[in-house]
Amino acid sequence: MRLDRFYPIFDSVAWLERMLPLGVKLVQLRIKDTPEVELLPIISRAQALCRQHGAVLVVNDHWRVAIEAGCDWLHLGQEDLDEADLPAIRRAGLRLGISTHDHDELDRALLLGPDYVALGPVYPTILKKMKWEQQGLERVTEWKRLVGELPLVAIGGMRVERAAGAFAAGADIVSVVTDITLHDDPEARARDWIEVTR
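Here the sequence shown stands for residues 1 to 198, where the numbers follow our numbering.
Honestly, the hints are just simulated from the structure, not real lab data.
Check the hints yourself; a few may be wrong.
Here are the simulated distance ranges between beta carbons [to be verified]: (1) L40 with L81: 21 to 29 Å; (2) A88 with R51: 32 to 40 Å; (3) Q134 with D104: 28 to 36 Å; (4) E79 with G148: 19 to 27 Å; (5) D4 with A168: 30 to 38 Å; (6) A88 with P35: 16 to 24 Å; (7) G136 with R91: 35 to 43 Å; (8) E38 with T141: 35 to 43 Å; (9) E83 with E38: 17 to 25 Å; (10) D11 with A188: 18 to 26 Å; (11) D80 with A14: 41 to 49 Å; (12) D82 with T34: 16 to 24 Å; (13) E161 with L111: 14 to 22 Å.
Glycine included, C-beta positions come from ideal geometry on N, C-alpha and C.
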């Protein structure tokens, strides 16, 4: 299955309701501060919305709920990998994306047979405090050489103006958060992203 090149990340179903009608075809739902027991109806609603709009939903972290909701895709960070039951995830048929920030993490990810690998932060990011400096486009090129045919997601500080450079460096997919969610006109910005990635 070929994934769309534009991969926004949102923290609520309300964002999906705004963005999916614009033509977003690949989206991650990353909810961090809601108790897991409250997540099933939220993720089930997100999955239904994505199917309605012909989009792929990727659930961040909450693998048990993703399985229960019948989702198709899961994204795990390195810390999440420590807690996740990978055999159960695979038995459920979930496809898996994994975050990486250095060579050790990439080696670990590739041993797990992921369906995509994410590298970040490509540029400085305001989304969360990270111990890694920006990776830069040279690292994107290096990662693409190392992952081969596996889809490579560039994330971190991505803006519309930086998309072409990321693709030229070897990224297959560009992931974005604040360039949309903090924009004065998120819908217009999402349309810009769709235009530069299609």
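Hints versus structure:
no., hint, result
1, L40 with L81: 21 to 29 Å, "holds (22 Å)"
2, A88 with R51: 32 to 40 Å, "violated (23 Å)"
3, Q134 with D104: 28 to 36 Å, "violated (18 Å)"
4, E79 with G148: 19 to 27 Å, "holds (26 Å)"
5, D4 with A168: 30 to 38 Å, "violated (18 Å)"
6, A88 with P35: 16 to 24 Å, "holds (21 Å)"
7, G136 with R91: 35 to 43 Å, "holds (38 Å)"
8, E38 with T141: 35 to 43 Å, "holds (42 Å)"
9, E83 with E38: 17 to 25 Å, "holds (19 Å)"
10, D11 with A188: 18 to 26 Å, "holds (20 Å)"
11, D80 with A14: 41 to 49 Å, "violated (24 Å)"
12, D82 with T34: 16 to 24 Å, "holds (21 Å)"
13, E161 with L111: 14 to 22 Å, "violated (36 Å)"
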